[in-house]
Amino acid sequence: MNTSSIFAGDGPGRFGPYGGQFVPETLMPCLHELTATWEAARRDPDFNTELAALLADYSGRPTPLYRARRFERSCGDTARIYLKREDLNHTGAHKINNCLGQILLAQRMGKRRIVAETGAGQHGVATATVCALVGLECTVYMGEVDMARQAPNVRRMKLLGATVECVTSGARTLKDASSEAIRDWVTNVATTHYIIGSVVGPHPYPAMVRDFQAVIGIEARQQVLDRAGRLPDAVIACVGGGSNAIGIFAGFIADPVDLFGVEAGGSAAGHSAALGLGEPGVLHGSFSYLLQDDDGQIIPAHSVAAGLDYPGVGPEHSHLKDTGRVQYGSVNDSEALAAFSDLSRLEGIIPALESSHAIAWCRRLLDDPAAVARLREHAGDEQPVVVINLSGRGDKDMDNNGGES
Amino acid sequence: MSARRTGRLGRLTASLRTARVKPLVPFITAGYPDEPTFDRVLAAIAAAGCPLVEIGIPFSDPVADGPVIQAASQKVLARGMTLARTLALAATAHRDHGLDVVMMGYLNPILKFGPARFAATCGESSVAGVIVPDLPPEEAAGLRELLAARDVDLVDLVAPTTDPARLVRKVEQATGFLYLVSTTGVTGSGTAAADTLPDYLTRVRATTDLPLYVGFGIATPQQAGQVAALADGVIVGSALLRTLTGDRDGAVAAATEFLHEMAQAVTSAKGTSR
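Those protein sequence lines, which keep their order, are chains A and B. For the first sequence, position 388 matches number 388 in this note's numbering, and the numbering has no gaps at all. Every position in the second sequence, counted from 1, becomes a number in this note's numbering once 405 is added.
Careful: at least some of the hints might be erroneous.
Claimed, not checked - Listed next, the stretches of chain A that the computed footprint assigns to chain B, with coverage defined by at least 3 CB atoms under 8 Å from CB atoms of chain B:
{"no.": "1", "region": "16-30"}
{"no.": "2", "region": "177-185"}
{"no.": "3", "region": "235-245"}
{"no.": "4", "region": "287-300"}
Hints were generated in silico from the structure; no laboratory data involved. Glycine included, C-beta positions come from ideal geometry on N, C-alpha and C.
Whenever a hint applies, use it, and build me the whole structure from the sequences.
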């Protein structure tokens, strides 16, 4: 029996068979409240005006679209390559887009405390930042392994007034931080909102976080039209849980544009390619592709990039994989580290190790004659245009770049 | 909704009520701390007069569980425990110790095992009921049907946060017993709230005549007695697992004493039985 067929499939928050709400009963009423609050807010001009003002004045949107000419040259001048500079957001990554939206919802629900999980620390920093902005108490759960490899972000969160809880269970990375955040939320649900940092978790999170991140794609589409005079031939983004990817894809999903999601291929020690190598299952509230063993136990992920080091993926990505709308692939740790160094030296832009996976995929794509032929065909008589979502900056990775210096 | 079809667990809890027996329902993770000790603890559970045992299916990421059950799951998984073996242990509990078994486990191992195969094996293993803490009723219809076809009840959980409208919809499909989560939080907190419990139980009783079994946060005989005065059954998990430390004989002795005290507190509780 197909596992998905035991579910009604028409429940709330479905992307094909994926998604749903698989959480303890204690949380169900709170998910309903969050859904209702979000549904009302997105139709409320006051909410949208307030959020737009924060995105502009506080986070610095719109973020630029930058043409990376020296990187283009190093890729053989086969395509025009634009970087969507989400690294230039306040706090240094796309995570703030979602956090600003959710903190306004938390205020509308009258919550006085926020919990969050973090891997690379970018979502934790963004959460701590918006809590400081509105004066709410903030607790961030972070795996012990990640606290060590992303120490600068731990210091930032503490400076911003957040409590950082060190998670020592399981693999001591993002998966375990997420589980601990859920346990805190179950315990303190009356006072606490959980700001999930990606398009994962139970409904409404995957759809809600996508909507808050869609600003990336909406801006990028207009910017590339303005700059290149036409739509791009390919859009590339890295995928852990998949929020920056869903955000930029949202702008191009209805267009004839090839979309590429890049998972972390890791190393001999393991990988984080849930879409490439996992099977559908339920973790952290939704049905989606998942790294699991023959007995349904979750297999710890591995990646040099803490933000991609997660055994699951957002349910909408699972659906986009099955429908073929997005092509998913992976690059390994060493390819990502090479891209980290490349972009730094060629463009003076230090990308996050997570975003470096998307940069590395672009290089691989343009090294592949068949892929280049496809891009050229797509572009007609013109030079192909590629947009890469540079989801975050890499200062946090200075101590964790595989020995580069 | 058509009339509820009660399975093995529903018949059992009904007969316990008729006999005016409020059971202590101990929870133990399958094969914890090791299989020989687990088997001796099952014997101690039966010897303490408990008709029902809850056997935990270990999972790598149990979000509704506190540190004690998390650690127990990790330990048995590291020793190679599987869902197939867990179901075999459940069959043994019934056959060798005369205990009726409720399985408690998260959804993913059941999905991977195959829901239909899981339901069939539960039926063959004389399992009375199944609790899946991360499967809310909105998503549960398919598994409920598969289990019902094997005479196994899928147990519904109610939390302090469950609102009245939701409660009414829930009890319409519930069979076996209604699992009342005593407090918002994870297992093993030891914080079952004696002050809010009476109102909570009264509120639920107004909607259903199903037996109400209360779990989460019940750690001491005193708490167990207070809960038993109001509820139809008392579930204890983390506090039992905590007794299982040290050498095997010592662990079994500690568990036996704990079960005896808890069972006595539950049996001698005076209160509003139905």
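Practice problem: Count residues of the region 287-300 of chain A with a Cβ under 8 Å from any Cβ of chain B, then say if the count reaches three. | Solution: holds (count 7)
Quiz item: the region 177-185 of chain A covered by chain B? Criterion: 3 or more residues, Cβ-Cβ distance below 8 Å.
Solution: holds (count 3)
Quiz item: How about the region 16-30 of chain A: do at least three of its residues have a C-beta closer than 8 Å to a C-beta of chain B?
Solution: holds (count 11)
Quiz prompt | Three-residue Cβ test at 8 Å for the coverage of the region 235-245 of chain A by chain B | solution = With 0 residues close enough to chain B, the hint is violated.
Hint check: a violation occurs at hint 3 only; the rest are consistent with the structure.
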